[in-house]
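Novice: If you want the building blocks of each chain, they are given just below.
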Amino acid sequence: MRTDAAVDAAFSLADVRAAGLRWTEYLEIRGRLGREPNRVELAMFGVMWSEHCAYKHSRRYLKLLPTQGDGVLQGPGENAGVVEVAPGIGVALKVESHNHPSAIDPFHGAATGVGGILRDVLSMGARPIAILDSLRFGSPAHAASRRLRDGVVSGIAHYGNAIGVPTVGGELVYEDRYAENPLVNAACIGIVRADRLARSAAAGPGNPVLYAGARTGRDGIGGAAFASDELDVASVDRDRSAVQIGDPFAGKSLIEATLAALDTGVVVAIQDMGAAGLTCATSEMSSKGGVGMRIDLARVPRREAGMTAGELLLSESQERMLLIVRQGEADTVAAIYRRWGLQAEVIGEVTAEPALRIYDGGTLVVDLPPESLTEAPAYQVPEEEPKGRALIVEAPESPRSVAEALLRVLGAPTVASKRAVFRQYDHMVQLNTVVAPGADAAVLRLKEAPPVAIAVAIDGNGRTTWLDAWAGGAGAASEAALNVACTGARPVAATDGLNFGSPEKPETAWDLHNAIAGIADACRAMRVPIVGGNVSLYNESPVGSIFPTPMVAVIGVLSDVSCALTSAFRDDGDLIVLIGEEAASLDGSEYDKIVRGRVAGKPVRVDVAAHARLVALLPALAADGLLQSAHDVSGGGLAVALAECCIAGHFGARCRISGSSDPELALFGEGPSRVVATVTRSRLAALVARCRSAGVPVAELGVVEGDALAIRAASADLVVGLDQLRTAWEG
Amino acid sequence: MTTANATAARVRLTILLKDGVLDAQGQAVERALRTMDYDAAHVRVGRVIDLDLPAANWQEAAREMCTRFLANPLIEEFEITRLDEEAR
Amino acid sequence: MTTANATAARVRLTILLKDGVLDAQGQAVERALRTMDYDAAHVRVGRVIDLDLPAANWQEAAREMCTRFLANPLIEEFEITRLDEEAR
Amino acid sequence: MSAPRVAVVIFPGSNCDRDVLHVLRGVLGADAHTVWHEERSLAGFDAVILPGGFSYGDYLRAGAIAATSPILAAVRAAASAGVLVAGICNGFQILLEAGLLPGAMLPNRDATFVCDWTRIRVERDDLPFTCAYGRGQIARMPVAHGEGNYYADADTLSRLEANRQVVFRYVDDDGAATAHGNPNGALHNIAGIVDERGNVLGMMPHPERCSEALLGSCDGRAFFEGLLASIAKRAHSVAGGGR
Ligand SMILES: Nc1ncnc2c1ncn2[C@@H]1O[C@H](COP(=O)(O)OP(=O)(O)O)[C@@H](O)[C@H]1O
Ligand SMILES: [Mg+2]
Chain P
1 MRTDAAVDAA FSLADVRAAG LRWTEYLEIR GRLGREPNRV ELAMFGVMWS EHCAYKHSRR
61 YLKLLPTQGD GVLQGPGENA GVVEVAPGIG VALKVESHNH PSAIDPFHGA ATGVGGILRD
121 VLSMGARPIA ILDSLRFGSP AHAASRRLRD GVVSGIAHYG NAIGVPTVGG ELVYEDRYAE
181 NPLVNAACIG IVRADRLARS AAAGPGNPVL YAGARTGRDG IGGAAFASDE LDVASVDRDR
241 SAVQIGDPFA GKSLIEATLA ALDTGVVVAI QDMGAAGLTC ATSEMSSKGG VGMRIDLARV
301 PRREAGMTAG ELLLSESQER MLLIVRQGEA DTVAAIYRRW GLQAEVIGEV TAEPALRIYD
361 GGTLVVDLPP ESLTEAPAYQ VPEEEPKGRA LIVEAPESPR SVAEALLRVL GAPTVASKRA
421 VFRQYDHMVQ LNTVVAPGAD AAVLRLKEAP PVAIAVAIDG NGRTTWLDAW AGGAGAASEA
481 ALNVACTGAR PVAATDGLNF GSPEKPETAW DLHNAIAGIA DACRAMRVPI VGGNVSLYNE
541 SPVGSIFPTP MVAVIGVLSD VSCALTSAFR DDGDLIVLIG EEAASLDGSE YDKIVRGRVA
601 GKPVRVDVAA HARLVALLPA LAADGLLQSA HDVSGGGLAV ALAECCIAGH FGARCRISGS
661 SDPELALFGE GPSRVVATVT RSRLAALVAR CRSAGVPVAE LGVVEGDALA IRAASADLVV
721 GLDQLRTAWE G
Chain S
1 MTTANATAAR VRLTILLKDG VLDAQGQAVE RALRTMDYDA AHVRVGRVID LDLPAANWQE
61 AAREMCTRFL ANPLIEEFEI TRLDEEAR
Chain B
1 MTTANATAAR VRLTILLKDG VLDAQGQAVE RALRTMDYDA AHVRVGRVID LDLPAANWQE
61 AAREMCTRFL ANPLIEEFEI TRLDEEAR
Chain C
1 MSAPRVAVVI FPGSNCDRDV LHVLRGVLGA DAHTVWHEER SLAGFDAVIL PGGFSYGDYL
61 RAGAIAATSP ILAAVRAAAS AGVLVAGICN GFQILLEAGL LPGAMLPNRD ATFVCDWTRI
121 RVERDDLPFT CAYGRGQIAR MPVAHGEGNY YADADTLSRL EANRQVVFRY VDDDGAATAH
181 GNPNGALHNI AGIVDERGNV LGMMPHPERC SEALLGSCDG RAFFEGLLAS IAKRAHSVAG
241 GGR
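Listed in order, the protein sequences are those of chains P, S, B and C. Going by this note's numbering, the first residue of the first sequence is number 1, and it counts up by one from there. Going by this note's numbering, the first residue of the second sequence is number 1, and it counts up by one from there. Going by this note's numbering, the first residue of the third sequence is number 1, and it counts up by one from there. Going by this note's numbering, the first residue of the fourth sequence is number 1, and it counts up by one from there.
For reference, chain P alone in the conformation it holds in the complex (with noise of 0.2 angstroms):
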């Protein structure tokens, strides 16, 4: 491999490959600089160049996702994106994974996760009001899932219910490919007000620099590249400082604080300081500003005695943000933290030539240009598609009848209730939660803006992907924003988390650049941004890649929150139809793998025009007032949705699903683009009228009545009652 060792080089391989590195980029870095780094500096490329900073191999294919929109503030390319949803008023959303560090330490890691991404969305001057969390575990048949899940959920509700940010939705899926790489997405929206966005860019020479926050530790010493590195066995006993410990209490004092600075105005910059701590806000912020930096090391306040330099450039110390104040403001400033008990520091100032140098006391430790580090390079690999990916999970008993095969699928894992993982979250702190967990999305009023509401949801399907990776993009973008537009909200924006393994993988460079794809192509049909994102690789073990997982998260506008819909049946006698194309296929659903016990096949792919359709109109009926409810059909398919719609409601249903001679695909086969929605008797007919001239098929299904579920379907009579569902979804 090292064919240059011609050259008289600084560093060995071995030092090299600590860092984070390949002999080639270390060669690269010399050409850059002129000279050889020196070992902090080599450092400081290590983490800046890591995947999870640098999107060394996704950067390529994420160019084909549609970034702008209307009401767009902020695409792709600061903390958070924002978007416009009333005058004035922005709403700034980002996705985070925290994969690695839950793995590693599920509590910790899960509870940093969630102060990761809420100081994302407060760097852009927003208030965080709500937070979604996307979660992927083994079957929690097997203890240590079980002991994963619990320590991931008592983690985030640590870190969420202390600091007092709502967490309104989220996803729990169990499948075995994650068993020994869970997923750990966390989501957080903010709101703020348009006039009132902040940014990175440093700028203005001779403005001085602020530390605030907590102290720095030697906590999660590269971790941005140990993120981008597989989980081995080793990785287990590797450096206690892997692990970061958050602090949610002091997270909440310095939202407050950081918002109170903000409002003063005098802040001419801000950033967290996450992935890469130090090294990255100050490289970040200059490299974007055009600006420089100079730093002195020595005023950085720190918790432990003896910290080298690269200790304090690299550490991820939580709870800690940089901001670039005017010149003689500094001291405003830093009281406000302080007030809030906070360590608020000037360590440096901003200067006009774009060098960033670093000095700890009076020695020069570092001196490189910004873009050196911000600027990684890019990495095209060989694709293949897959072939042949079919999986037999396990060889169950076939159900006796289609009604067992129901309560079979209403009480699997992945399909079943979340109330016990989503009570133990504040889903109503801050008075916004206006549709709480457990629906199709969450709706949340502004009080900032009445009677708008914005709707949030998170959405990914790993074992569609695996099946068909456009297919699972296009699902999780078309999904999530199908159940946003359930509750009538108008998809507005998106954020995407791509949780994928080994890019060096020929199959899985091909997964990742299809997946994108179809968010892409969705996305676009939908003319719904992706305003940022957040890409997480190498989730690999030594049993294998996980499946990729693509995760969308979409925000919708309601204009009058009085219009919002769930997914519960409203009334006797009400009538149940079904909107939306109706393409649907056993390949990849719940029910092949629960009761068939196979992951086979090619799901259907969505129609992504005919889906924009779909979407696009829910709203427009919700608002005129022409639905009772409204729930999108997923995992489970029709009989599942409107098991669903009874429980929530109280109520049963008698219905009769024509079309398909196949009761079994009749019942639960899976399609993109259905919704089980209800509407008065004496508004049928403008409802159906309403659907035919928007070009979206509708089907009458049923009515409303006593308490049990009845279909027929085909050749088949399914009739359960209101208490069995409701125990069997309960468990």
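Derived from the structure by calculation, the hints contain no laboratory data. A virtual CB, placed ideally from N, CA and C, is assigned to each residue, including glycine. It is possible that some hints are incorrect.
[What the hints assert, rightly or not] Sample of chain P residues at the chain S side, in silico, Cβ under 10 angstroms: (1) 104; (2) 105; (3) 107; (4) 108; (5) 147; (6) 217; (7) 218; (8) 219; (9) 242; (10) 243; (11) 246; (12) 304; (13) 438.
[Stated by the list, open to error] Quick list of simulated restraints, FRET-style, between CB atoms: (14) P:12 <-> S:63: 57 to 67 angstroms; (15) P:196 <-> S:31: 47 to 57 angstroms; (16) B:54 <-> P:196: 42 to 52 angstroms; (17) C:155 <-> P:399: 57 to 67 angstroms; (18) P:140 <-> B:27: 18 to 28 angstroms; (19) B:54 <-> C:235: 47 to 57 angstroms; (20) P:609 <-> B:27: 49 to 59 angstroms; (21) C:155 <-> S:63: 37 to 47 angstroms; (22) C:76 <-> P:527: 58 to 68 angstroms; (23) P:304 <-> C:179: 45 to 55 angstroms; (24) S:68 <-> C:229: 56 to 66 angstroms; (25) P:572 <-> C:77: 54 to 64 angstroms; (26) B:74 <-> S:19: 53 to 63 angstroms.
[Stated by the list, open to error] Below 25 angstroms or equal to it, Euclidean Cα-Cα: the simulated SDA-like pairs (lysine to any residue) are: (27) P:447 <-> C:214; (28) B:18 <-> S:18; (29) P:447 <-> P:73; (30) P:418 <-> B:36; (31) S:18 <-> B:73; (32) P:505 <-> P:600; (33) P:418 <-> C:214; (34) S:18 <-> P:150; (35) S:18 <-> B:79; (36) B:18 <-> C:188; (37) P:418 <-> P:724; (38) P:418 <-> P:150; (39) P:447 <-> P:264; (40) B:18 <-> S:54.
Given chain P, work out where chains S, B and C with the ligands should sit, using these hints.
Specialist: Showing chains S, B and C with the ligands alone in chain P's frame:
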């Protein structure tokens, strides 16, 4: 607190964060003690778990459950002591 | 963890719920240990606080701060031990 | 006669302060002000609310560190002067830790945080805090806490019951104080109590979370309305008495 059962050992597991690991609770308690005018320093807060274990292999069992479940060895250290008699 | 300062005592305060007060955390840990096939019983979970106190009157100070603040006497009891030497 | 002035105390880590202010000011148009925990006086306020949250991270025990805060001396003084003091959730925990109310909070029966709707029965309608409720009325209110399992020794419990200091009790759908209706294991299903004089109240449920129909219940609004009305009435009777 001690157990009368001769075949059971009363065991105490004391779990503390390693030096250098952020102890937010310890810091908060230290600040509070100082505002109350106590001259306290280097405050660390941890957990203690008292339990009965089969006397035959209490040490081994205790060590294993700490390593596997009760503590995270990356960031925490633990001590195992026997409460109902001198440790053998 | 111990202090080198001759004028400071390294003190451990162990705080446990009184007998008869529901120890929900102890029960949760016990349930979890049992599902992992450990034969654990009578599990109690408490807090441990290690701190430096002036050596001159560490016992008195420790007792006072436990009674006033670190323990809630309605529900908790505490033990005080010195870590850096035999308690005098 | 001026409108009642209400103080909402903010500790670092409080997180329901803005919610209580929203209801007092935004929904009810009351004259409410924030007071930082380092203040030493509550002069000029007719009522003091300690809101929910995780003051000081709830480290050590929920409310324990906040109870040592400077403002607590002022709260104590206000309480003994007869000013109305209400602690909601973390505020209740702080009042217990400060000894302004008897008893203590233990971690919830299930050892996990619980955020959910509960039903509580209003046991007294003759207090300033509950005068807008009917006696025995059942209110739907959310709880959100990890340590809400009220504990007191047997003597204290019987004293509380004998003096009718239990103000709110968790009940089930049938209105009975059963274990099923109890979200956290609190003894005697206690959700809220007052001190002997009746001007210091602590409650775990969040009335501010159910003061607008949009949020699923308006049952908490009467708590704040009653509080404001009784202050106004007091002021009136004092004025009327031509002191
Ligand atoms: N999958 C993605 N799609 C669109 N934008 C992305 C994606 N992943 C990352 N980005 C954008 O790239 C920028 C850098 O991301 P990241 O390094 O994760 O931000 P941060 O450092 O704030 O965590 C952000 O603006 C982010 O929104
Ligand atoms: Mg960031």
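Novice: Please go over all the hints and tell whether each is borne out by the structure.
Specialist: Hint-by-hint comparison with the structure:
1. 104: holds, 7 angstroms
2. 105: holds, 5 angstroms
3. 107: holds, 8 angstroms
4. 108: Hint on residue 108 (chain P): holds, closest Cβ of chain S at ~8 angstroms, below 10 angstroms.
5. 147: holds, 7 angstroms
6. 217: The hint holds - residue 217 (chain P) has a Cβ within 10 angstroms of chain S, the shortest such distance being about 6 angstroms.
7. 218: holds, 6 angstroms
8. 219: Nearest chain S Cβ about 6 angstroms off; hint holds.
9. 242: holds, 7 angstroms
10. 243: holds, 5 angstroms
11. 246: Hint holds; residue 246 (chain P) Cβ to chain S Cβ min 8 angstroms, cut 10 angstroms.
12. 304: holds, 5 angstroms
13. 438: violated, 31 angstroms
14. P:12 <-> S:63: 57 to 67 angstroms: Given range 57 to 67 angstroms: violated, Cβ gap about 39 angstroms.
15. P:196 <-> S:31: 47 to 57 angstroms: violated, 33 angstroms
16. B:54 <-> P:196: 42 to 52 angstroms: holds, 50 angstroms
17. C:155 <-> P:399: 57 to 67 angstroms: holds, 58 angstroms
18. P:140 <-> B:27: 18 to 28 angstroms: holds, 21 angstroms
19. B:54 <-> C:235: 47 to 57 angstroms: Holds - the Cβ-Cβ distance for residue 54 (chain B) and residue 235 (chain C), about 52 angstroms, lies within 47 to 57 angstroms.
20. P:609 <-> B:27: 49 to 59 angstroms: The hinted range 49 to 59 angstroms holds for residue 609 (chain P) and residue 27 (chain B), with Cβ atoms some 56 angstroms apart.
21. C:155 <-> S:63: 37 to 47 angstroms: At roughly 44 angstroms between Cβ atoms, residue 63 (chain S) and residue 155 (chain C) fall inside 37 to 47 angstroms, so the hint holds.
22. C:76 <-> P:527: 58 to 68 angstroms: holds, 60 angstroms
23. P:304 <-> C:179: 45 to 55 angstroms: holds, 48 angstroms
24. S:68 <-> C:229: 56 to 66 angstroms: The hint (56 to 66 angstroms, Cβ to Cβ) holds, given that residue 68 (chain S) and residue 229 (chain C) are roughly 59 angstroms apart.
25. P:572 <-> C:77: 54 to 64 angstroms: Given about 59 angstroms between the Cβ atoms, the range holds.
26. B:74 <-> S:19: 53 to 63 angstroms: At roughly 34 angstroms between Cβ atoms, residue 19 (chain S) and residue 74 (chain B) fall outside 53 to 63 angstroms, so the hint is violated.
27. P:447 <-> C:214: holds, 12 angstroms
28. B:18 <-> S:18: violated, 28 angstroms
29. P:447 <-> P:73: Holds, at roughly 20 angstroms.
30. P:418 <-> B:36: holds, 24 angstroms
31. S:18 <-> B:73: Given pair residue 18 (chain S), residue 73 (chain B) is violated - Cα atoms ~29 angstroms apart, limit 25 angstroms.
32. P:505 <-> P:600: holds, 21 angstroms
33. P:418 <-> C:214: At roughly 24 angstroms apart (the allowed maximum being 25 angstroms), residue 214 (chain C) and residue 418 (chain P) satisfy the hint.
34. S:18 <-> P:150: Given that 25 angstroms is the threshold and the Cα spacing comes to 23 angstroms, the pair holds.
35. S:18 <-> B:79: holds, 22 angstroms
36. B:18 <-> C:188: holds, 20 angstroms
37. P:418 <-> P:724: Distance of about 18 angstroms is within 25 angstroms: holds.
38. P:418 <-> P:150: Judged against 25 angstroms, a Cα distance of about 13 angstroms means the pair holds.
39. P:447 <-> P:264: holds, 23 angstroms
40. B:18 <-> S:54: holds, 24 angstroms
Hints 13, 14, 15, 26, 28, 31 from the list above are not met by this structure, while the remaining hints are.
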